[in-house]
Amino acid sequence: MEILYFAWVRERIGTNCERIDPPADVQDVSGLIDWLATRSPAHAVAFADKSRLRAAIDQRFVGLEDSIAGAREVAIFPPVTGG
Amino acid sequence: MIEVRLQPEPFDAGAELARLDALGGGGVASFTGIVRGDDGLTELMLEHHAQMTLAMMRALAAEALERWDLLGVTLIHRHGSLHPGNPIVFVGTAARHRGAALEACASLIDRLKTQAPFWKRESFADGRSRWVEPRAADDAAAARWLRDER
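For the record, the sequence lines run as chains R and P. Once you know that position 74 of the first sequence is 74 in my numbering, the rest is easy, because the numbers rise by one and skip nothing. Once you know that position 133 of the second sequence is 133 in my numbering, the rest is easy, because the numbers rise by one and skip nothing.
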């Protein structure tokens, strides 16, 4: 599974992309974030406040409670600020 | 006509309007967003998702064409490093009647702000920099169009 990071999430973690293989008990985006937070102190800082995070699976916006089953790409980022 | 572009280069709003004018409708509406130099801002850096951002812009343009009686939609968003006074986003709509052109244009810029994956980092003359936080007013403006959905 490919994980993409954007904006301050990317800066805090120090990379824009990583390829990971989460364990089977990680089933939704929220669980994935909790699991990613254990990978390094930088991940823990970036993911400390889940209320500030949004996500997309295979380039569609999803909620943190949505399943990651079958996902090829999960993007994690702050709320968007376009326009 | 549907024209959607995501680009680092500047755009020529006049040329974009002329293309919409040429569609033969009764009205053309447009919005051009320009980088403000508030609080000593020197640079606005726009980050985007390489595939998803353009796909979302195309989806928003297609939805507008479906919802309103339009002859054309142009949506241009820049990314990369921008400076005060630079145009950043262009929304143009052409329609037979003004209502559709005006409503579709307002809806598109409101929805671009909250639904297109862009992130802005501001840098200031004194060396500070910060990521722009979403504004509740932007969410409220975008939600208005969902509420009005017919």
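No lab work stands behind these hints, which were simulated from the structure alone. Note that the structure is a prediction, hence the values are computed from the model and not measured. Take these hints with a grain of salt, some might be off.
Computed, partial: chain P to chain R, Cβ under 10 Å [what the hints assert, rightly or not]:
id : residue
1  : L17
2  : D39
3  : L41
4  : H48
5  : H49
6  : M56
7  : D110
8  : K113
9  : A116
10 : K120
11 : S123
12 : F124
13 : A125
14 : R130
15 : V132
Ideal Cβ placement from N, Cα and C applies to all residues, glycine included.
The hints, checked one at a time:
Restraint check, L17(P) versus chain R: the minimum CB separation of about 19 Å is more than 10 Å; hint violated. Given the 10 Å rule on beta carbons, the hint for D39(P) is violated: about 16 Å separates it from the nearest Cβ of chain R. Below 10 Å, beta-carbon pairs count as interface contacts, and L41(P) has none with chain R, the closest being about 14 Å; its hint is therefore violated. Checking H48(P) against chain R by beta carbon gives a least distance of about 8 Å; that is within 10 Å, so the hint holds.
A distance limit of 10 Å between C-beta atoms decides the matter here; for H49(P) the minimum to chain R is near 6 Å, and the interface restraint holds. About 8 Å separates the beta-carbon of M56(P) from the nearest beta-carbon of chain R, less than 10 Å, and the hint is met. Below 10 Å, beta-carbon pairs count as interface contacts, and D110(P) has one with chain R at about 8 Å; its hint therefore holds. Because the beta carbon of K113(P) sits about 3 Å from the nearest beta carbon in chain R, less than 10 Å, this interface hint is met.
The criterion of a C-beta within 10 Å of any C-beta in chain R is met by A116(P), whose closest approach is roughly 4 Å, and the hint holds. Against a cut-off of 10 Å between C-beta atoms, the interface hint on K120(P) holds, since the closest Cβ of chain R lies about 5 Å away. At about 13 Å, the closest approach between the beta carbon of S123(P) and any beta carbon in chain R exceeds 10 Å, and the interface hint on this residue is violated. Checking F124(P) against chain R: minimum C-beta separation of about 17 Å lies over 10 Å; hint violated.
The restraint placing A125(P) at the interface with chain R is violated, with a minimum CB-CB distance near 21 Å, outside the 10 Å limit. Hint status for R130(P) relative to chain R: holds, with the closest Cβ pair at about 9 Å, below 10 Å. Because the closest C-beta pair between V132(P) and chain R is about 4 Å apart, less than 10 Å, the hint holds.
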